[in-house]
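J.: Protein sequences appear in the order of chains A and B. Take 1 as the starting number for the first sequence in the working numbering and just add one per residue. Take 1 as the starting number for the second sequence in the working numbering and just add one per residue.
Calculated directly from the structure, the hints in this document are not laboratory data. Bear in mind the structure is a predicted one, so any value in this text is a computation, not a measurement. In this text, a Cβ means the ideal position worked out from N, Cα and C, and glycines have one as well. Warning: the hint list may mix true and false statements.
As the list claims (entries may be wrong) - Partial list, computed: chain A residues near chain B (C-beta under 10 Å):
1. L51
2. F337
3. S357
4. K360
5. V389
6. L516
As the list claims (entries may be wrong) - Under the rule of at most 25 Å between Cα atoms (straight-line distance), these lysine to aspartate or glutamate pairs were calculated in the DMTMM-like manner:
7. K397(B) to E351(A)
8. K36(A) to D101(A)
9. K360(B) to D395(A)
10. K339(A) to E210(B)
11. K536(B) to D395(A)
12. K355(A) to D340(A)
There are 2 protein chains.
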Amino acid sequence: MNRYALGLDFGTESVRALAVDCQTGDEISEAVADYKHGVITRNLPGSDETLPHDFALQHPRDYIDSSIVAISRVLKDISPDEIIGIGVDFTACTILPIKVDGTPMMEFDQFQNNPHSWVKLWKHHAAQPEADRVNQIAHERKEPFLKYYSGIISSEWMLPKSWEIANKAPEVYEATDFIIDAGDWIVYQITGQFCRNACVAGYKGLWNAEVGFPSKAFLNALDPKLKDLDKKWLKNIVYPGQRIGSVSESFAGQSGLKSGTPVSAATIDAHSGVPGMGVSGEGPICIIMGTSSCHMILSKKLHFFQGYAGVVKDGIIPGFYGYESGQSAVGDIFAWFAKDFLKPKGDPFQEISKKASVLKPGGESGLVALDWMNGNRSVLMNAHLTGSVVGLMLDSKPEEFYRALIEGTAYGSRIILDAHKEAGIAVNELVVCGGLVKDPLILKIYADVIGLPFKVAASKQAVALGAAIFGAVAAGKENGGFDSFNKAILSMTKPPVKTYLPDSRAKSVYDKLFVLYQQCHDLFGREFPDIMKNLKQIKNQVHGGYL
Amino acid sequence: MNRYALGLDFGTESVRALAVDCQTGDEISEAVADYKHGVITRNLPGSDETLPHDFALQHPRDYIDSSIVAISRVLKDISPDEIIGIGVDFTACTILPIKVDGTPMMEFDQFQNNPHSWVKLWKHHAAQPEADRVNQIAHERKEPFLKYYSGIISSEWMLPKSWEIANKAPEVYEATDFIIDAGDWIVYQITGQFCRNACVAGYKGLWNAEVGFPSKAFLNALDPKLKDLDKKWLKNIVYPGQRIGSVSESFAGQSGLKSGTPVSAATIDAHSGVPGMGVSGEGPICIIMGTSSCHMILSKKLHFFQGYAGVVKDGIIPGFYGYESGQSAVGDIFAWFAKDFLKPKGDPFQEISKKASVLKPGGESGLVALDWMNGNRSVLMNAHLTGSVVGLMLDSKPEEFYRALIEGTAYGSRIILDAHKEAGIAVNELVVCGGLVKDPLILKIYADVIGLPFKVAASKQAVALGAAIFGAVAAGKENGGFDSFNKAILSMTKPPVKTYLPDSRAKSVYDKLFVLYQQCHDLFGREFPDIMKNLKQIKNQVHGGYL
C-alpha cells in the first residue's frame with residue numbers, strides 16, 4: 001500500500017496541495033488554487049471605501065474554499081486512504097480576530113465593513129506607528145524578548161497588528177475572543193483543535209521557550225487597553241511535526257479527506273522549506289531566493305548576535321535553535337534594473353544575463369553595489385537604507401551594472417553568513433530553493449563570493465514538501481510515517497539536483513571586492529545611516545508636495 | 001573704414017579664424033580648417049611602429065598649414081587692410097622641441113621616427129612617472145611654486161613632458177635648443193619673435209611673477225641631466241594683449257595677411273574665453289561647459305586654497321589674479337549614460353531630457369550622484385576617484401538617474417564655487433559658454449543648485465572672440481584698437497543672450513540635497529579615498545589579467 005503525506009502550503013495568492021510518497025520522496029500529485037479575493041488592498045469586497053495605502057487584507061473563507069479545491073484535485077490522483085498525515089504551512093505573520101468558536105469577526109454584519117475585522121496579511125504595514133511604540137517602550141523597559149529579535153520588532157508581527165485593532169477598531173477588539181495566526185486558524189478548521197504553533201509564535205509573536213510570552217506589565221505599559229490582550233492570544237504552544245489532532249468529520253465531508261487523518265502543527269511557509277530542502281541539522285544554511293531572500297540555519301546552541309530577524313528554540317525543527325535572517329530585495333533588484341530601468345525590447349533577462357555571464361568574475365566592471373534598493377533587513381535592519389553603485393566610469397556598461405547588482409546581493413548574503421560565523425555558528429554549505437535557482441549566473445556568483453558549495457534543492461516545491469514532511473512526522477511510525485525528522489527528511493527528500501562549487505581564483509578577486517563592499521556597507525549602514533535616510537525623506541517630502 | 005580684429009583659435013583637431021568688428025562686436029567672418037594629421041595616437045605618419053597607449057602627438061606643420069587655409073578663407077570676406085590686430089590662443093600644455101631657428105626636431109631625418117621629437121599634445125599622458133617624481137621631490141623640498149597649483153603638478157605640463165624627452169630620447173634632448181609651447185611657437189612663425197606667454201608659463205610651466213621659474217637646484221635634484229633644462233625654456237615672459245611683434249613678410253606672403261599687422265602674445269584657449277564671454281573684472285565666474293568644464297575667475301587679490309589647478313597673476317587678464325579650476329567630465333557623463341549606457345533607438349538626449357525636465361527640481365528621485373566618472377579635478381584633484389549614485393530604489397527610473405547626474409555635476413560646480421567663496425573671492429554670477437549651453441535643463445539646474453543667475457555668453461565662439469580681443473588690445477588705440485581691456489571687452493562683446501534665474505523654492509530643496517552630496521563627497525573623496533582607488537585598481541588588474 002502507498003503511503004503519502006500531504007503538504008498544504010498557504011501562500012500570498014494561492015494554496016498548493018502536494019502529495020509526497022513517504023518512501024521515495026516522489027511528488028505524486030500537486031494542485032494550486034487561487035484565493036478568490038486575492039490580496040485586498042483597494043477596497044473591501046462590496047464596499048466603495050478606499051483602504052489606506054499600506055493595507056493588505058484577505059478573506060478568511062478563501063483559505064478554506066481554495067484548500068478544498070486543491071485537495072479535491074489531488075484526490076483525483078490518489079485515494080484519501082493513502083494519506084497518512086497532513087502538514088500545513090502559512091505566510092506569516094498573517095492574523096485574524098475570531099470568536100471562541102472560530103468565526104472570523106468579519107462574518108458578523110456589524111463588523112463586515114470594518115477592515116480591522118478581516119485577515120491582516122503578512123505584508124499589511126499599517127501598524128508601523130504601533131510597532132514604533134512597541135520598540136521604544138520595550139527598549140526602555142529592557143524587555144527580555146528583544147534579544148531574540150536583534151532588538152527590532154516589525155510592524156508585520158502579532159503585537160503591533162493586535163494593537164492596531166484595539167486602536168482603530170475598539171468595538172471589534174472588544175468583541176474579539178482570540179486574535180489568531182491564520183496558520184493556526186486553518187489547522188482549527190481542519191481539526192477542530194485550537195493551538196498555537198511555536199514557529200510563528202516564536203518568530204512573530206514575541207514568545208519563546210526561555211522567557212515565555214510578553215508580560216502583562218509590558219502590555220499595560222504600552223496601553224492600558226491592552227492589559228487583557230494576552231487573554232486573546234492562544235498559549236498552548238505546539239511544535240513542528242507535533243500531531244495536534246486529526247481531520248474532523250466536518251472537514252472530511254467538505255474536502256474528501258479521510259476523517260482521523262493525523263494533522264501536524266502549522267509552521268511558517270519559509271521555515272517549512274528547511275526540511276523540504278533536505279536539511280535536518282547543523283551545517284548548511286538554507287536560502288530561499290526569490291523576489292527577496294530568507295536565510296535559515298539550525299544550531300544546537302543559542303547565540304545572540306546582531307542581524308537575525310529571530311532565533312527560536314524548536315521553531316524550525318525541534319531539537320535545534322532556528323535562526324532566520326533576510327534580504328529585503330534580491331530578485332526584485334534584478335527585475336527592477338533589467339526590466340523596468342532598461343526596458344529592453346525582448347526578454348528582459350536573456351541578453352543582459354548572457355553579456356553579464358561572460359564578464360570576468362568580479363572586478364571587470366570596477367563596480368560595487370549596495371543591495372539596499374528595498375532597505376536592509378539583515379544585518380543592519382534599517383528600512384531607510386537605499387541602494388548605491390560605486391565605481392562608475394565613462395565606460396561602465398549595463399551588463400556590468402547588472403552583474404554588480406548580483407554581486408552586491410551575494411556580498412549582502414556573505415555579510416549575513418559572516419555574522420553567523422562570528423557568533424560561533426558553523427556554516428559549511430548553502431542549500432537553495434526559490435524562483436532564482438534557475439539562473440546559473442546568480443548561483444555561480446554566490447558560490448564564488450561566499451566560497452562555499454551552493455546546492456540546489458531537488459524539489460521545486462520545497463516549502464510544500466516540508467509541510468508534507470511535518471505531516472509524515474505527525475503521523476508517526478505507527479501510522480506509516482516517521483518517528484524522527486532525520487528519517488523523514490532522508491526518506492522524503494532527494495539529493496540536490498546541482499551543486500555549484502566555488503572557484504578559488506574568482507573567490508580571491510571577490511575577497512578583495514568584499515572588503516570594499518564592507519567599507520561602503522559600514523559607512524552608509526552603520527556610521528552615517530542618516531545620509532540615505534535623509535535622501536529618502538526628501539524624496540517623500542517632494543512627492544508629498546511638502547518641499 | 002572697418003576695423004576688425006582677427007582671433008586664431010588653435011584647438012585639438014582644427015584651427016578657427018574669426019574676424020570681429022571692433023566697434024560692434026559683430027562676428028564678420030569665420031573659417032575652420034582641420035589639421036591634416038589630427039591627433040596622432042597609433043603610429044607616426046610613415047611609420048608602422050605602434051605608439052604607447054597614452055601618447056597623443058601632433059605634426060607642427062599642420063598648425064601652419066591649417067591656419068593659412070583658415071585665414072585665406074576669412075580674407076575672402078574682408079580685406080587684410082581691415083585687420084588691425086591678431087590674437088592667438090592654443091591648447092595647453094602642448095609643447096615641441098625645436099632648434100634656435102624654430103625648426104621642429106621632428107623635421108630632422110635622424111629624429112623623424114622618434115616620437116619624442118614631435119609635438120606632445122595637451123592630452124599626451126605618458127609623462128606620468130616623471131610627474132609623480134616631480135610632485136614627490138617638489139613636496140620634499142617644499143618648492144615655492146607648489147601652492148600656486150594646490151600642490152599638484154600634472155603630467156600634462158611642461159616640466160614632466162620635457163623630462164620625458166630627456167629620459168626617453170636623450171639624443172633628441174641633447175640636440176634641442178628650446179622646448180617651446182605650441183602657442184608661442186605659432187606666434188614665432190607669424191612674427192619671427194620668440195617669447196613665452198605668461199598664461200601658459202603660469203598655468204602649466206611652474207613660473208609665476210612672485211617666485212619666478214623652477215630653480216636650477218630643484219631641476220638638478222630631480223635629475224642631474226636636467227641641470228641645464230632651464231636654458232631650453234624661453235624666459236622673456238609676455239602678457240595677454242601685449243603686442244609682441246607683427247606679421248612678418250614671410251607669413252604675410254603665405255597667408256595673405258598684411259605684414260606689420262600687430263600680433264598679441266598667445267594665451268591658453270580656455271582662458272581666452274574669459275574676455276570672449278564679456279568678463280573684464282571681479283564678480284562673475286566663467287564656466288566653459290562641454291565634455292568637461294573649466295571654471296575661471298578674476299580677483300585683485302591672491303588667495304591660496306585647495307582645489308584650483310592654478311592661480312596666475314596677469315595670466316588671464318593683466319591686473320588680476322586668474323584662478324582656474326575644473327571638472328574632469330560633465331557632458332561626457334551625460335553622453336555616457338544617455339547614449340552609451342541606455343542605447344536608445346532615437347536621439348539619445350531628446351526623450352530622456354524631456355522626461356527629466358518634468359521631474360520636480362531636486363529630490364523627486366531621491367538620488368544623489370557623485371560626478372567623478374572621469375576622476376575629480378577640483379577641488380579634490382584625485383584622478384583615482386570614480387562615480388557613484390546613492391539612493392537607488394526599486395522605482396528609480398532612467399530619467400531620474402540622468403537628472404541626478406546633471407544635479408551631481410552642478411553640486412560639483414557648487415563645491416568649486418564654495419571653495420572660492422571660503423577663500424574670500426566673491427562670486428556673484430555665472431557666465432557660461434561651450435557645447436552644453438544649448439540645453440536649458442542643464443543651465444536651469446545649475447542656476448537653481450548654485451543659487452546665482454546663470455548667463456549664456458552671446459558669442460558661440462567666445463574663445464576665438466577672446467583671441468580677437470587680445471589682438472585688438474595688442475594693436476592699441478593708435479592702430480584702431482583699444483588701450484584697455486575694459487574698453488575692448490565692452491565694445492567687442494554683446495550682452496548675454498539668455499539669463500537663467502535661480503528659483504528660491506528649488507534652491508531650498510537643492511540646499512538640503514547638497515548637504516548630502518557634500519557628505520558623500522567628503523566620505524569618498526577625503527576620508528576614504530582608497531575605496532574608489534582600490535576598486536579601480538582591481539578593475540585594472542582584472543583587465544590586465546593579473547587577477
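J.: All the hints need checking, so say for each whether the structure fits it.
T.: Right, here's what the structure says about each hint:
Hint on L51(A) is violated. Least Cβ distance to chain B is approximately 21 Å, over the 10 Å limit. Given hint, F337(A) at the interface with chain B, holds; its Cβ is 9 Å from that chain's nearest Cβ, closer than 10 Å. Annotation: S357(A) was flagged as interfacial toward chain B, and the flag is violated, the nearest CB pair being 16 Å apart, outside 10 Å. Interface restraint check: K360(A) against chain B, minimum CB-CB distance 5 Å, threshold 10 Å, status holds.
The interface hint given for V389(A) holds, since its Cβ lies 6 Å from the closest Cβ of chain B, which is under the 10 Å cut-off. Proximity of L516(A) to chain B holds as hinted, the smallest CB-CB distance being about 5 Å (cut-off 10 Å). Restraint check for K397(B) and E351(A): the C-alpha separation of about 20 Å stays at or below 25 Å, so the hint holds. Distance restraint check for K36(A) and D101(A): the Cα-Cα separation of roughly 24 Å lies within the 25 Å cut-off, and the hinted pair is therefore satisfied.
Among the hinted pairs, K360(B) with D395(A) is inconsistent with the structure: their alpha-carbon atoms are about 29 Å apart, more than 25 Å. Between K339(A) and E210(B) the alpha-carbon distance is near 60 Å, which puts this suggested pair outside the 25 Å criterion. Proposed proximity of K536(B) and D395(A) is supported: the alpha carbons are some 12 Å apart, at most 25 Å. Only pairs whose Cα atoms come within 25 Å are accepted, and K355(A) paired with D340(A) is accepted, the gap being roughly 18 Å.
The structure fails hints 1, 3, 9 and 10 (numbered hints given earlier, in ascending order).
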